[in-house]
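Single-letter residue listing:
There are 2 protein chains.
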Amino acid sequence: MVKRREKILEEMKAKIKKSYLSRDNLLVFADNASSDLEKQANILFERLTEWYGIYFPELKLDDRSKYCNLVLQIDKKKMQESKKAIQSLMGDKSSSIISQLEHTMGSEMQEKDIETIRMLAQQILTLEETMEQIEQYKESLAKEVCPNMSEVGGPKIAAKLIAHMGSLEKLAKLPASTIQVLGAEKALFKHLRRKTKPPKHGIIFQHTLIHSAPKDKRGRLARALASKLAIAAKVDAYGKGHFIGNELRTDFQKRANDILNAKD
Amino acid sequence: MVKRREKILEEMKAKIKKSYLSRDNLLVFADNASSDLEKQANILFERLTEWYGIYFPELKLDDRSKYCNLVLQIDKKKMQESKKAIQSLMGDKSSSIISQLEHTMGSEMQEKDIETIRMLAQQILTLEETMEQIEQYKESLAKEVCPNMSEVGGPKIAAKLIAHMGSLEKLAKLPASTIQVLGAEKALFKHLRRKTKPPKHGIIFQHTLIHSAPKDKRGRLARALASKLAIAAKVDAYGKGHFIGNELRTDFQKRANDILNAKD
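Protein chains in written order, with the numbering used here: chain A, 33 to 296; chain B, 33 to 296.
Think of the hints as simulated: they come from the structure by calculation, not from any bench.
Even for Gly, the Cβ is constructed at its ideal location relative to N, Cα and C.
Worth double-checking, as some hints may not be accurate.
Claimed, not checked - Just some of the chain A residues that point at chain B, by a computed CB distance under 7 Å: (1) Gln72; (2) Asn74; (3) Leu152; (4) Gln155; (5) Ile166; (6) Tyr169.
Unchecked claim - Simulated crosslink set (PhoX-like; lysine-lysine; CA at most 20 Å straight-line): (7) Lys98(A) to Lys115(A); (8) Lys188(A) to Lys144(B); (9) Lys45(B) to Lys108(A); (10) Lys266(A) to Lys202(A).
Isolated chain A (complex conformation):
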């Protein structure tokens, strides 16, 4: 009797360990972490530009890492070196930045003030590095966990869709029409409540073919992509290693060409 109990316990333990192990789980965690990191880098970057604006308010750049590197290297007391740094970082944009620096309305700061701001810039650069590495990991994991979806929609979108549902299995159970608007729940519920137009795409809007398409074609493109992704998800979840990703991708590209070339 005792032995049987122990055996059952052992079996349960093994089952729990196995359920932990499922690698789509890891994909969900990695995706959550990387979207948190992205949000945080945005927030800190905003703080940095406000703060650094006391010293050099004219500097406006959307490129986070270039801005941070300029913060690290510009020093009004060492104009020659600052100019060199700007030139090597900014190429042909450098002359306008240099003239802004020469006529800046920003005020001087003590060394410890500017050092603290540089620390924040350094922190943002470190965040970007971590983000980059997690992103690479995510893509390689997606190719392993859901090779078909990764082939059809790209590993980033595949990872985001799985993370949104929490597991590959849950995603595989959804119809294409739901996959099409995953991530656009807000717009969907607004549609249901107030009779606004329904959303045409959620996460899959991030696909290059869709967000670069003319606005009136996007809905049809999204539907075409979602239908292929739905098939791919089912194959990834239940296909036991079967791979039809390349066929699905070719099908989608043909359909996309038809949609883009259609006159209406």
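Dock chain B against the given chain A, drawing on the hints supplied.
Okay, now just chain B, sitting in the frame of chain A:
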């Protein structure tokens, strides 16, 4: 005529530069950045514990930096080294953690999975370092910008109060009763709308004497501290370097002793 125009422009430029320079401004930026960093370290730490929970779910620690260091050093494939690392980090708590590790229900992971998690742990440690350095800067800046307030309520609370209002001057114009509840606006408006009890303290609750006091004394302690802080703020803003911080602090401590010793 042209010369006069240029002269006026120069003067205005100088004025703008001066207004940028006011160092309480820097205190506001530093405080905003450090509260953002604190929030973000919390969020990322939560992500880390979820994620690492696949590998070692039994590990529970509130100490962020110790947890992160354990994540960096524990490796189930190298039990001897992991044990040593746990011992040197955790002292007398180490034996329970070691036995948890030996009987963990967590599952194995591939090297690249665990490496990615370690990257996140490393990121959190870097955030903590930056936070620590900005905190030190903030304190030294507070002692410079508002020496009286820093003496009475501590540099942290002084910095937070100024950051909350956006400038020392704005803070100096407030009556003590407002300073008492700064940072508790949510509770205050709830009180005004729904007749709940008014808040007794906002930011100044962080003062050791107040948050360690019995609940029924906190309101009076907060009022006493706020009244001294209100005076200190006015001296810091308009006192031209005058310092009465130590007297104010002695007064507050006497009053606090009276309140704590009063029987009611």
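Consistency of the hints with the structure:
1. Gln72: Check passed: Cβ of glutamine 72(A) comes within 5 Å of chain B, closer than 7 Å.
2. Asn74: 11 Å, violated
3. Leu152: Cβ of leucine 152(A) sits 6 Å from chain B, so the hint holds.
4. Gln155: 5 Å, holds
5. Ile166: Cβ of isoleucine 166(A) sits 6 Å from chain B, so the hint holds.
6. Tyr169: At about 4 Å, which falls below the 7 Å cut-off, the nearest Cβ of chain B leaves the hint on tyrosine 169(A) intact, so it holds.
7. Lys98(A) to Lys115(A): Given pair lysine 98(A), lysine 115(A) holds - Cα atoms ~15 Å apart, limit 20 Å.
8. Lys188(A) to Lys144(B): 18 Å, holds
9. Lys45(B) to Lys108(A): 17 Å, holds
10. Lys266(A) to Lys202(A): 10 Å, holds
Hint violations for this structure: number 2 only, all remaining hints satisfied.
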